[in-house]
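The listed protein sequences derive, respectively, from chains E and C.
In case it helps, my numbering puts the first sequence at residues 47 to 589.
In case it helps, my numbering puts the second sequence at residues 11 to 276.
Calculated directly from the structure, the hints in this document are not laboratory data.
Keep in mind that the hints are not guaranteed to be accurate.
Unchecked claim - Calculated cross-link-like contacts (lysine-lysine; reagent style BS3-like; alpha-carbon spacing at most 25 Å):
hint: 1; chain 1: C; residue 1: 80; chain 2: E; residue 2: 410
hint: 2; chain 1: E; residue 1: 374; chain 2: C; residue 2: 247
hint: 3; chain 1: C; residue 1: 212; chain 2: E; residue 2: 416
hint: 4; chain 1: C; residue 1: 265; chain 2: C; residue 2: 247
hint: 5; chain 1: E; residue 1: 203; chain 2: C; residue 2: 80
hint: 6; chain 1: E; residue 1: 416; chain 2: C; residue 2: 265
hint: 7; chain 1: E; residue 1: 410; chain 2: C; residue 2: 57
This one's a predicted model, so the numbers in the text were calculated from it and none came from an experiment.
Here are the chains, one letter per residue:
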Amino acid sequence: MTVQAIKTEIVQPSDFESIRMVKGADTIAKQYSVYLTDESRIDGGHAEWLFFPTNEQEVVAIIQKMRENNTPITIEGARTGIVGGAVPIDGGAIISMERMNEVKGLGFDETVQRWYIRVGPGITLNELKTILKQKKLDDNISIPSGSDAVKRFKEDKKSYFYPVAPTEMSAAIGGTIAANASGATSFKYGPTRNWIRRIRVVLSNGEVLDITRGQYKAQDGIFRISTSTGDIEIKVPSYTMPKAKNAAGLYTKPDMDLIDLFIGSEGLFGVITEAELWLEEYHPACGCVVFFDDADKAFNFVSLLRETDGIEPEFIEYFDENAIKLLKQKQEEDPKFVNMPKIFDNAISAISFDFLYSEETIVKSLEIVKQLLEQCNSSVDMSWCGYEDRELERFKHFRHAVPEIVNNIIAERKKKYHGIHKLGTDMSVTNEHLVDMMHFYQQTLREEGLEYAIWGHIGDNHVHVNILPRNMEELEKGKAIYKKFAQKAVEYGGSVSAEHGIGKIKHEYLLIMFGKEGIDEMKRVKEALDPQYLFCANNMFPK
Amino acid sequence: MKIVVCIKQVPEADKVAIDPETGTLIREGVASILNPFCEYALDVAVKLKEQFPEHNIEIITLSMGPPQAKQALIRTLELGADKAYLLSDRKFAGSDCLATSYALKEGIAKLVPDFDLILTGKQAIDGDTAQVPAEIAEHLGIPQITYGLDVTLNNRRIEVKKETEEGYQVVSARLPALVSISRGSNIRRLPSIQEVINARRKPLEVVSVEDIKIDETKVGLKASPTQVVKIFAPPPKAAGEIIDGRDDPKAAAKKLLEFLIEHKFV
């Protein structure tokens, strides 16, 4: 059977010596140490080379040169990942994409009637947000070139935005594609995968793939790539993807799009040098925080909210009893830090969510919310509601305040126990198992007597359980429980990592999820595309 | 008892920049909000209403502005006001402090003639003139207390704790009176879902010049003697010199004295 093949492009490399680079492990360790770790704070990163390419030709030149001596390459975006994906533990070379951060184009796809923006991988979500909000675009970047796309975009009365919104908005686009990043609003918009129209990737042989969504699909699980030295055949893994939100392992489906193999691949297959992102029309939102005097009422409310017509939340977020306790305590010590009215005395848990706001529909929407609350025997009075941008910012800050408080507690404990760290889970389950999973978390943690707080994306059945060990013994206990949770999540049809990815620190959980066979299948894809394990070795699975 | 709270819708000031070439405000993409000082005044009114249920306090908010200023009034209804009026008419366009205070005075006198107390913010964060509250009181011929922090009721009198340069004073006045409020909580209140629903069922009336027979010659651009010559950002303050006295306070004190003598401050 013939399989449609995609051809690589040969790009003329630039002069290697003209590329901005730092040489020498000592210099890098002393003067450029920020490039040796990411938000995971994993130790052990080291490198002989640190490159700052400004265009694709330079990336090609770097890869060709590094290949000669089998020098491992770690690809870095803004290093905001928390699973160590950007930590160069194998040494070798770092390619920092931070200088490839320009907006390269803007176009309107006539077939689907949607705007898209073309960017370098180094641009951050925050930068992109500002550019789109202000429509700050050069007139000469229209796609196709010479057209009036930018002019039309500016004249369009509607506002547009890029809906992927992880907590860390300083993340770079390239990194978010490699991680298939998501955040609270993925409840409505889905993860990064849904928003990528096209990418360009430099492969380990120095040749370039230009992949537009919809053009290269697997046939019976096979992709074929024609390179200058022969064809590469890729067999996509045969495991079934979980139905729940997932960022663990390679994406696979028998008839999948080639672009989806690269999205979420944690840098295993190549360097993304350009991406086109779909844009979405921006609508103002109304945000609510509703409090409950009983945790089960909150779970009940979540399932009602998900099922109801007439309200389409962008996100549904949860705060458990301990998260609320931490917030109440902090509010007494430092009210401005929390920056909210006093939390209601008998609040045990809370749900934060939003929906589209217009003055014409707000009463109708809130009446629906009120009804749902009444169905859960909960009061509409124990709530906050706001729709001005500054109030929505406050709600967002309120959601982010809990992890900040937890991180501060752990930082304090680190002073006594250097090796201590928090254990934050990132697991999802399917809708029907949400309540069972929540009960399992609570029961297990209470039985073990560990300090913990739970919050996060309950709309996607994806909460972050954070265990706060008080000593090294509790840390070990916590690790064992973490594994138990991973097993249970998989049993409930979920994922061991719904948004953070696997990186270098969650290999054992990926094994729980896909088994040795599944991991071996992923390795075969890696070996087909990057036989030398040049790129980001030890991300997702051990080399 | 009726409390009138005068409010203004303003651009979110910390996000407004001045175009260095044209000298005009860049308001694009900047949200409109209820002036924070007006919100403090509303907070005081709501607190009085809760504190003195025996007075059956009704809170009426009043503003003069374009139709979109309704949004700021809706916010006051969410945060505890019972009724709101918006004086909105092309004839008000271009009003300065004098014309605005006249229009507001007319609004109060004709829409809430039986008012007991008027609360305002000390100033609006866009113009920062702090003229309108005092002028309303003058137009109405009632006592005014400025820079109020806290207000309490005592029979037909109010007691106001007011800011002064040295500290604070407690001043009393007979009602009706006007108090402008200069400070409040740095944590804004948030309405509940029910309050947001209720706000949209409370009366909010848009009133024109014709509706309440305001003298047209006293409002709008022609009735406004103020002329804005130029708007500019204040020049940044020059960096001061810090005398570190932690190691040797005496030497530091001496250095300071020399500085003061040299610049003829002492």
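Comparing the hints with the structure gives:
1. At roughly 20 Å between alpha-carbon atoms, residue 80(C) and residue 410(E) fall within 25 Å of each other, so this suggested pair holds.
2. Taking the CA atoms of residue 374(E) and residue 247(C), the gap is near 40 Å; set against the 25 Å cutoff, the hint is violated.
3. Proposed proximity of residue 212(C) and residue 416(E) is supported: the alpha carbons are some 19 Å apart, at most 25 Å.
4. Using a Cα cut-off of 25 Å, the hinted pair residue 265(C) and residue 247(C) holds, with the two alpha carbons roughly 22 Å apart.
5. Distance hint between residue 203(E) and residue 80(C) is fulfilled; the C-alpha atoms sit about 23 Å from each other, no more than 25 Å.
6. About 67 Å separates the Cα atoms of residue 416(E) and residue 265(C), which puts this hinted pair outside 25 Å; it is violated.
7. Distance check on the hinted pair: residue 410(E) and residue 57(C) sit about 30 Å apart at the alpha-carbon level, beyond 25 Å; violated.
Hint compliance for this structure: hints 2, 6, 7 are broken, all remaining hints hold.
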